[in-house]
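Below, each chain spelled out in residue letters.
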Amino acid sequence: MNSREKILAAVKNNQPAQSKLPEVRSFLKPGTEVLEKYINVLTAIGGVANVVNSYAEIENIVRQEYKEAQRIISLCNELPMPGGKEKYADPHELETVDLAIMNAQFGVAENAAVWVTDDMLPQRVLPFITQQLAVIINRNDIVPTMHHAYERIGDSDYGFGVFIAGPSKTADIEQSLVLGAHGPKTMRVFIL
Amino acid sequence: MDQSNKDHALLAAQFNEDEPRVNWHDETLWWVRSKRDKAAHALPEWEQLREVASQIKHNVLSNLNEYLLQFEEKARANGVIVHWAADAKEHNEIVYALLHQNGISRIVKSKSMLTEECHLNSYLEQQGIEVTDTDLGERIVQLANEPPSHIVLPCIHKKKEEIGELFHEHLGTPAGNSDPKFLANAARLNLREKFLTRRAAMTGVNFAIAETGEFVVCTNEGNADMGAHLADVHIACMGIEKIVPQRNHLSVFLRLLARSATGQPITTYSSHFKKPRKGQEMHIVLVDNGRSVQLGRADFRNALKCIRCGACMNTCPVYRRSGGHSYHTAIAGPIGSILAPNLDMRKYADLPFASTLCGSCSNVCPVKIDIHDQLYKWRQVLVKEGYAPAAKKMAMRGMTFTLSRPGAYQFAGKAGRWVMDKMPFIVNNKLNPWYKQREMPEPPKQSFGEWYKKNRKEV
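Each protein sequence line maps, in turn, to chains A and B.
Just so you know, we're using the numbering used here here: the first sequence kicks off at 1 and counts up by one.
Just so you know, we're using the numbering used here here: the second sequence kicks off at 193 and counts up by one.
These are computed hints drawn from the structure, not numbers from a lab.
Given the structure is predicted, the values throughout are model-derived calculations rather than measurements.
Hints should not be assumed to be uniformly reliable.
Each computed DMTMM-like pair below joins lysine to aspartate or glutamate, with the alpha-carbon atoms no more than 25 Å apart [what the hints assert, rightly or not]:
{"id": "1", "chain 1": "A", "residue 1": "K12", "chain 2": "B", "residue 2": "E265"}
{"id": "2", "chain 1": "B", "residue 1": "K560", "chain 2": "A", "residue 2": "E65"}
{"id": "3", "chain 1": "A", "residue 1": "K87", "chain 2": "B", "residue 2": "D424"}
{"id": "4", "chain 1": "A", "residue 1": "K12", "chain 2": "B", "residue 2": "D424"}
Quick list of simulated restraints, FRET-style, between CB atoms [to be verified]:
{"id": "5", "chain 1": "A", "residue 1": "R71", "chain 2": "B", "residue 2": "T389", "range": "17 to 25 Å"}
{"id": "6", "chain 1": "B", "residue 1": "E285", "chain 2": "A", "residue 2": "N60", "range": "56 to 64 Å"}
{"id": "7", "chain 1": "A", "residue 1": "E95", "chain 2": "B", "residue 2": "D229", "range": "40 to 48 Å"}
{"id": "8", "chain 1": "B", "residue 1": "A201", "chain 2": "A", "residue 2": "D98", "range": "50 to 58 Å"}
{"id": "9", "chain 1": "B", "residue 1": "E322", "chain 2": "A", "residue 2": "D157", "range": "34 to 42 Å"}
{"id": "10", "chain 1": "A", "residue 1": "R139", "chain 2": "B", "residue 2": "T389", "range": "37 to 45 Å"}
{"id": "11", "chain 1": "B", "residue 1": "R609", "chain 2": "A", "residue 2": "A44", "range": "39 to 47 Å"}
{"id": "12", "chain 1": "B", "residue 1": "E285", "chain 2": "A", "residue 2": "R139", "range": "51 to 59 Å"}
{"id": "13", "chain 1": "B", "residue 1": "V575", "chain 2": "A", "residue 2": "E36", "range": "39 to 47 Å"}
{"id": "14", "chain 1": "A", "residue 1": "R71", "chain 2": "B", "residue 2": "H233", "range": "27 to 35 Å"}
{"id": "15", "chain 1": "A", "residue 1": "E93", "chain 2": "B", "residue 2": "Q319", "range": "30 to 38 Å"}
{"id": "16", "chain 1": "B", "residue 1": "Q319", "chain 2": "A", "residue 2": "E23", "range": "44 to 52 Å"}
For each residue, glycine too, the CB sits at the ideal point set by N, CA and C.
Please build the complete structure, drawing on both the sequences and the hints.
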């Protein structure tokens, strides 16, 4: 018997009598103000929220706030930047990206996460390897909790999907919070 | 660090030699526990979430063999290569073979308690493979040649000055600089070079979804993603109990995990790996290593529900004051103390006794594992199986004799009170473990029995 068969046989032999799966409810409090909640949580976890009305406004903020960024990749059609829509066969080509601007499918109010899937990215590594990250979500695309988030994701197919909540961080040295561990040092969310 | 044949009480005594440091360790972890409370109390549905999570995990355990088969089938259909390892040795050999086939001699690895359990690093190093741990805390303990002392906060036992010295020695940072921001940035620059040049990345697995064949890895630093998305070969290792039936069940576990661990509403990254990217190889190693045996132990199988949040450690009065290394096993604290004896009763017979049985661990556990009940039950199993130390066995026999004979009991009480009163030096010395770090109490003038007899007569 190989290990696979051995493990499966032992598991089958030792597992307890079948118990039922519980129902997962959404636990939604009525009257939850998702936009306000989203902004508060994002700020608390070290991110920045900008509520904007147009792409022109986003462009202005980008120009103002990222003056030192040399290499910017924008995946957003409405915000054309040099080098935005190129194909990168090798993820290592993204090593020197200073700022990545991308759309996300939706945001989650309770934890300020945004959901991004690999079909929206030239390479999966982009939102991690970039020094700074800016994400655009539609203000109607904020769901209250993770239950609603997975309802929305449903059984959609992707190769890779990720919830991103704020800049990368570590508190491994004496519990002192440091923003910018291995991924982006900042995260800005434009709420359109 | 050699931690074999060690004893929790002895190791804890060493840790306790530096009292200010113990206080600092204690307060730091209590602070993390307080953050967990704040996050948990902000959700009115917290207790319902814990109950649902526990029930989902119960269903997983009751149907694990079907879920494993389903997961394997889906993962294969997604283009992932699935391996099965019966024990730590086989796990290590599978990983090495994959690296060897690809001609890879240097890898990056993000946090995986399973690889700690299997002692993968030392095995790979013996085969000439260089392993770089990329979680900052794990990198720090790796440079210090120590194991992690906490599953979520691997170097919680280290002072920033010690980390500054380590970085000065290994990364060339200026001597005497111990600013956390500066040190974290030095590690960022150093590890970025490793991410960019290593062709294989290993990660752990937080949750594996039977219905879709995908697996989820949670980090704050982004190190798992930096490794996996840059490498040609991604190897993810998981214990067979990491299965969750459906994707939407992640909503329950992701709501609980980070809040329980650090008080965050979610980790920065919750990465769902489903298919390898174009040109990449993705492997999953499913590891048993004693889990199927534990599944058969009705009193202890619930420990397999653990999602590795570390809340039980942060709240434990013994862990906070004895340090993670005193548990001499990969997973320290209350949960480690009920997992380890399953692997080796002789080696870990001391751990279920490293507890006050206060029950705080069970109260904070996000999947409602009956941790303190299991600690108590393990004690009985270990004594019955003959793993209790000789001195304890003798003492217990003495207690049985005394407590079952009223005459002997009354005499012993009287003798004890007399000795403490007239010859206190007999108990106030190093030979008496109860005298360690505390004064003996004033002996009462009479026993309760004597008091009762006297007062009853007077009525």
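(request) Would you pick out the hints that fail for this structure and give their numbers low to high? (result) 2, 4, 11, 13 and 14
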